[in-house]
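Colleague: Residues per chain, in single letters:
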Amino acid sequence: MLKRDHTLSLSTQARAPGFRVELRGTTFRLIASGAWTVTEATKLDAALKRLRVPIPPTPEFTGEMDIAAIAEIDTAGAWLLQRTAAAWEGGGLRTRYAGVTESFRILIEEVERRGSAERPKLAQTGSVQQLVEDVTKALTGVWSDAIQLTSFLGEVTAGIGRMVVQPWRFRPKSFVHHLDHAGLRAVPIIALICFLIGAVVMQQGVVQLKPFGAEPFAVNMVAILALREVGILLTAIMVAGRSGSAFTAEIGSMKMREEIDAMRTLGIDPMDTLVLPRVLALIVALPLLTFLGDITGLIGGGVMAMAVLGLDVSTYIDKLHEAVDMQHFMAGMIKAPFAALIIGLVGCLEGLKVEGSAESLGTHVTSAVVKAIFLVIILDAVFAMFLSGIGV
Amino acid sequence: MTFENGREVLIRVRGLAKSFGGYQIWDGLNLDVYRGEILAIVGGSGQGKSVLLRVITGLVKPDMGEVELFGHNAKTLTAKDRVDIESRWGILFQDGALFSSLTVLQNIQVPMREHLELPQAMMDDLAFLKLAMVGLPPEAAHKYPSELSGGMRKRAGLARALALDPEIVFLDEPTAGLDPIGASDFDHLIHKLQQTLGLTVYMVTHDLDTIFTVCERVAVLADKRIVRTGSPIELQRHPNHPWIEEYFCGERARAAQSGEQPRRLVV
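The listed protein sequences derive, respectively, from chains A and B. Our numbering applies: residue 1247 is where the first sequence begins, and numbers increase by one. Our numbering applies: residue 3 is where the second sequence begins, and numbers increase by one.
Label pairs and their calculated CB-CB ranges:
no., chain 1, residue 1, chain 2, residue 2, range
1, A, R1503, B, G73, 44 to 50 Å
2, B, D126, A, R1296, 17 to 23 Å
3, A, G1637, B, F101, 57 to 63 Å
4, B, G48, A, S1373, 51 to 57 Å
5, B, D97, A, Q1375, 35 to 41 Å
6, A, G1487, B, S21, 41 to 47 Å
7, B, V85, A, E1348, 29 to 35 Å
8, A, G1487, B, K145, 30 to 36 Å
9, B, D181, A, R1296, 46 to 52 Å
10, B, D181, A, A1604, 22 to 28 Å
None of these hints come from the bench; they were simulated from the model. Keep in mind that this is a model prediction, so the values were computed, not measured. Each residue gets a CB set at the ideal place from its N, CA and C atoms; glycine is no exception.
Can you build the whole structure from these sequences, using the hints too?
Modeller: Written out as structure tokens, the structure is:
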């Protein structure tokens, strides 16, 4: 904000901005006064818009912006004056300024020069076109994701192959570290969740089956459900949320800080050092966690069965033996390494796709979790069809 | 309004003390910022240059001492006065600190939306004007911060700082991370804007070129306080302090100053 006189503190009345237009001789004069600043701009803008552009009766008529009574001005005020002057010029009235101090002149000239730049038109797309575009983008996105994931699976398989032939490529330290983080540290949360879900399913089963007098069969239901579906699904979803996202965040932030490029230039293969230890650790950890989930699910169901059905421990175990056999257990367990592979692949791939910014990291972490959970559920459905097809 | 030596004091800092984790960074720091000047704060790393900026702008609370903003004591400000004062300053953070989810144009309009009720058409016009004034092409308006280079982000950040035509702008290392040409352009821009808008500029900097080309006054932070203030030439001729001597009379300073005559800005 520029002031005409810095030593002057303006009273509220003197600050009130305003203007009037008069015709003196052959000159239309806009006499402006007060503080023409951004805080007053809304009022001034409305008033100036109501002002009609004077039409010169003969060409010798001129315009004048008399700003001698303006005490304070800033870019917004200068822009309003300039807009009015430009409109007058457009109406065929040659317009000049009067009562301008040196500092006001610099500002007004700058605003005049800068304000006239061409503006880019924001590309306007119709809503239907936008919809079609979005759908196309989403569909091609799914397709390219599928291709990327498949080729990454190929790379990882080749990497594992190389590792078998050249065992010194294996990084035991890194493998154990990830086994600890993705496996051991997930034990409490997975145990707790499976225990609770086992108990809840048992309680609901008893309530629903009671009208048919079939409540003892709730044990069969919980046992089959825990071993075949709940154990593996809950564990895989938890691991996708815990470790899949962590993989993406770790690899992604390394990618962001160019650490991965640095590794490559030092002759270190990120596949060996970053991807394989994570994927292999998950393939080992997830079946173990699934086993834990199965058992705690059964324990949760058992505790609830004792409470609502009045069974004792040995009866519950006998009933379990009647309800399930090794087949049910294996039907759940067989899915674990595949789910681990999916979570590991998606997590690492999304991490490697991160670009320079923190937003990109956030987007990829989210999409890693969403994609991993989605694919795990698809995998589960495919296995369900396959296993029932072969009669297991 | 407070006057000292015939100049209006916009910001007055008295007896500031602050310690972090048992380490005292200042003890009795005094500083005046006068209207219309370009003031550079220099000092070795760890002297709390950026922290001082944060204390003045109210982001960090000092342990002791007074900060007076536009004649109001910062401690006793009401919430409303605080908002008024916030619309009278603009701050350019080191990397621009633009909101990443908004386009450059929307970023510039954030302070306008927050403090004023302007019609959208006018906000667009003013934002494009500010964009041109900081030397960005109009095409940059609809880009997101992530699509801009570091230098452009700083310019966009400056445009946002200038959105409400503040009386004072705080610049935190405005030329850090820019190439020499970009840095020199930015120096010229700051000088030009200061002339055009009658700004007061408070900048934290390390850049000797910036100091010698645009700064009228330099305040040196050392020994837990502002040890000296004065024009760059004055400090160079009579350092009277080992750190100032090393800084202003070292090889880099001589190089920066030898180019001074032809590059001195004339408006």
